[in-house]
Structures are given as C-alpha cells and as structure tokens.
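Trainee: If you're matching them up, the sequences are chains A and B in order. Going by the numbering used here, the first sequence opens with residue 2, and the numbers climb by one from there. Going by the numbering used here, the second sequence opens with residue 109, and the numbers climb by one from there.
Please note that the accuracy of each hint is not assured.
[To be verified] Listed next, the in silico DMTMM-like pairs over lysine to aspartate or glutamate satisfying Cα-Cα at most 25 angstroms (straight line):
| id | chain 1 | residue 1 | chain 2 | residue 2 |
| --- | --- | --- | --- | --- |
| 1 | A | K26 | A | D56 |
| 2 | A | K43 | B | E187 |
| 3 | A | K43 | B | E162 |
| 4 | A | K9 | B | E163 |
| 5 | B | K274 | B | E221 |
[Stated by the list, open to error] Partial selection, computed: residues in chain B whose CB lies under 7 angstroms from chain A:
| id | residue |
| --- | --- |
| 6 | R155 |
| 7 | I165 |
| 8 | I228 |
[Claimed, not checked] If you want the ones that stay clear, here's a sample from chain B, every Cβ over 12 angstroms from chain A, calculated:
| id | residue |
| --- | --- |
| 9 | N121 |
| 10 | N122 |
| 11 | E139 |
| 12 | R142 |
| 13 | N212 |
| 14 | Y214 |
| 15 | N219 |
| 16 | E227 |
| 17 | D282 |
I should point out that these hints are in silico values taken from the structure, not numbers from a laboratory. Nothing here was measured: the structure is a model prediction, and the numbers come from that model. A virtual CB, placed ideally from N, CA and C, is assigned to each residue, including glycine.
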Amino acid sequence: MKIILNGKEEQVEERTTVAGLVKLKGFAPGTVIVEYNNELVKQENWDATVLKSDDRLEILRFVGGG
Amino acid sequence: MNDVLKIGGQELNNRLFLGTGKFSSNKYIPEVVRISGVQVVTVALRRVDPEYEEENIAAFVPQDCVLMPNTSGARNAQEAVRIARLARAAGCGNWVKIEVITDNRYLLPDNDETVKATEILAGEGFVVLPYMSPDLAAAKKLVAAGAAAVMPLGAPIGSNRGLKTKELVRILIDEIPLPVIVDAGIGRPSEAAEAMEMGAAAVLVNTAIATAGDPVAMAGAFSLAVKAGRMAYLAEPGETVEYARASSPLTGFLRD
Numbered sequence: 002m003k004i005i006l007n008g009k010e011e012q013v014e015e016r017t018t019v020a021g022l023v024k025l026k027g028f029a030p031g032t033v034i035v036e037y038n039n040e041l042v043k044q045e046n047w048d049a050t051v052l053k054s055d056d057r058l059e060i061l062r063f064v065g066g067g
Numbered sequence: 109m110n111d112v113l114k115i116g117g118q119e120l121n122n123r124l125f126l127g128t129g130k131f132s133s134n135k136y137i138p139e140v141v142r143i144s145g146v147q148v149v150t151v152a153l154r155r156v157d158p159e160y161e162e163e164n165i166a167a168f169v170p171q172d173c174v175l176m177p178n179t180s181g182a183r184n185a186q187e188a189v190r191i192a193r194l195a196r197a198a199g200c201g202n203w204v205k206i207e208v209i210t211d212n213r214y215l216l217p218d219n220d221e222t223v224k225a226t227e228i229l230a231g232e233g234f235v236v237l238p239y240m241s242p243d244l245a246a247a248k249k250l251v252a253a254g255a256a257a258v259m260p261l262g263a264p265i266g267s268n269r270g271l272k273t274k275e276l277v278r279i280l281i282d283e284i285p286l287p288v289i290v291d292a293g294i295g296r297p298s299e300a301a302e303a304m305e306m307g308a309a310a311v312l313v314n315t316a317i318a319t320a321g322d323p324v325a326m327a328g329a330f331s332l333a334v335k336a337g338r339m340a341y342l343a344e345p346g347e348t349v350e351y352a353r354a355s356s357p358l359t360g361f362l363r364d
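Take the sequences, apply the hints, and build the full model.
Mentor: Here it is in structure tokens:
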C-alpha cells in the first residue's frame, strides 16, 4: 500500500507499524521522532500504531541549529 | 554579583546562549558548554536523511541546559507552530525560538508571521523567544502577543559581521519591557561585549563559535566578553564628550 513518507510516496506492506517502518528505514529508536498524520506518536505507541493506505508520516530528528 | 536573567520562570546566571549548528564535530558541544557555562542551547528539527547517518544532537547537550528548539525552515506562522508543537511533544520542554524566514539570501525574518506564531504559541503555554528584525512596532506587537523576550538580529545569520543594527537594537532596549537578546551576526567577542554594554539581556552565538579554529577557546572568549559587557553595563559607563578632559590635575605643574 502507498504511504507518504517525508513528502514522498512509498510502498509498504499491509499492517506495517510505525515501529516496523522506523526499523525498516534503519533508524535506532530514540534517535528519531515520528509525526503520523500531523500528530506526534510517542515511542511507546509505535508498536500499536498500524499504518493505513495514504497515511502521511514524517520521520524527523533534532540536529544542530542556531 | 546576584544578576539573574528571568525568562519563562527560569533564572539564568549566564547570558550567553549557544546555537549548535555548523560544528565540525558535535563532540565540541559539551566542551563548549562546560567552558562557557551556557544554560540555553538551540537545536533544529529536520527530516532524516537516509543517505547520511546523523547523530542525535540532544545527546551532546548536557541535561541541565534549557533546550530551545528553533523553527528554522518555517516559511510562515503555521509551519512554525507545527514545528514548535512537535518539538514540545517530543520532550523538548516548552521553550521555542520562533524563526520564520522567507528571504533566502539574507535570511531576514518575517516579522508579521513571527508575531502570528508568537501569539498562537504563547497562548498554548510556550515560552516564546522570537527571532526578529529590529523594528520597534513589531517588537511592541511581540510584547502584546506574549513573547518572553525579543531577539533582534545584529547582522544576517552566519555572517559574523557584528552589531550592524546597533542603533535599532538600542531603541528596542530602551522601549521594550522584555529581555532583548541579540541573535545572529555576532562574529567577535568584542561585538558581544558591545551588545551587553548597551544593555542587551543576552546574546545568542553560533557560527562565530562553531566555525572558529578552536571552538572551545572561542566559547571561553565569548563567555568572558559577555560577562565583561554585562558588568560594564551595570557599572554605568561615564559620559562621552567631544574634546579632551584632563585626567590629571591642571594645577601644581613643575614649571616656571
């Protein structure tokens, strides 16, 4: 199914969770934050958040900035 | 000397704020914080780049610092509000530096959108420190919108050009009943001291420290300069005059 990840269309398996997506992308939990359909998903809820077709996700990170 | 800067319920003893961009290695950051004693540290929020394994910047910032995420990348108030909410939800605390920029060459802030974002976020309980062009009317609107401080630029971000906006910043210091923090453009410790001598509440420095040959030593130099400038401000500098006024007595000369 299709999702929008960081502004780009991606295909993922049905029933992929946020936790699964983060792992699939190779990011260590605790180093990134995830916005799911315009709401932040706390890490403890990543396993329980199952993606649906056309969901919009952002995987973000704090970086150096002034 | 008990000289405390109160912002958003925090009592700060250190008037140098640190930006964390552009360090050649993030390993400098804890050292810079230690030598300068900074208590407020800015970070940014970005999409991850799968091609490039970046470090989690928060891991390099000592726990007792106030983390102040900025809204860099925001082009309007709504985008700034979204970034601020995300950062707070992610556990960053409730401080935010509003940065709304539509000009890519000079990176000058959009004061109108900044006022809008400030009003929304202050209403949601954020401690809002807006980065702004030093304009008195805009600064008054930021006060009315609930800002905790105003942060006028000294010169364009990252330019190291110093306090080019000095006369306008001086007017803000004179007229605005909030801490005025000079943010952006400060390139040398002497310029930080200059801002503090004229009554700025603090200065925020990033590029000048991060891109110095020795960032840790430069952070130490900035820390001393900010303290010296603040001490001089509190000591009330003497007046300036056009012609010489002898410092030694004008009587009792050894001559015929």
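Trainee: Hint by hint, note whether the structure agrees.
Mentor: To see whether the hints hold, each was checked on the structure:
The hinted pair formed by A/K26 and A/D56 meets the criterion: a straight-line CA distance of about 17 angstroms does not exceed 25 angstroms. With a CA separation close to 21 angstroms, the supplied pair A/K43 and B/E187 stays within the 25 angstroms bound. For the proposed pair A/K43 and B/E162, the alpha carbon gap of about 21 angstroms is at most 25 angstroms, so the pair holds. For a cut-off of 25 angstroms, the pair hint linking A/K9 to B/E163 stands: about 23 angstroms separates their Cα positions.
A threshold of 25 angstroms between alpha carbons decides the hint, and for B/K274 with B/E221 the separation of about 24 angstroms falls inside it, so the pair holds. Checking B/R155 against chain A: minimum C-beta separation of about 5 angstroms stays under 7 angstroms; hint holds. With 7 angstroms as the threshold, the beta carbon of B/I165 comes within range of chain A, its nearest partner Cβ sitting at about 5 angstroms, so the hint holds. A least Cβ separation of about 15 angstroms between B/I228 and chain A goes past the 7 angstroms threshold, and the interface hint is therefore violated.
Once the 12 angstroms rule is applied to beta carbons, B/N121 is consistent with being away from chain A; the minimum gap is 22 angstroms. Every CB of chain A lies more than 12 angstroms from the CB of B/N122, the least distance being 17 angstroms, so the non-interface label holds. Every CB of chain A is more than 12 angstroms from the CB of B/E139 (nearest about 14 angstroms), matching its label as outside the interface. For B/R142, the requirement that its beta carbon stay farther than 12 angstroms from each beta carbon of chain A is met, with the minimum near 17 angstroms.
The Cβ of B/N212 sits about 16 angstroms from the closest Cβ of chain A, beyond the 12 angstroms cut-off, so the non-interface label holds. Under the 12 angstroms C-beta cut-off, the non-interface status given to B/Y214 relative to chain A holds; the minimum distance is some 15 angstroms. At roughly 19 angstroms, the least C-beta separation between B/N219 and chain A is larger than 12 angstroms, which holds for a residue marked as non-interface. The beta carbon of B/E227 sits about 21 angstroms from the closest Cβ of chain A, which is more than 12 angstroms, so the claim that it is off the interface holds.
Here B/D282 stays apart from chain A, with its beta-carbon at least about 26 angstroms from theirs, past the 12 angstroms limit.
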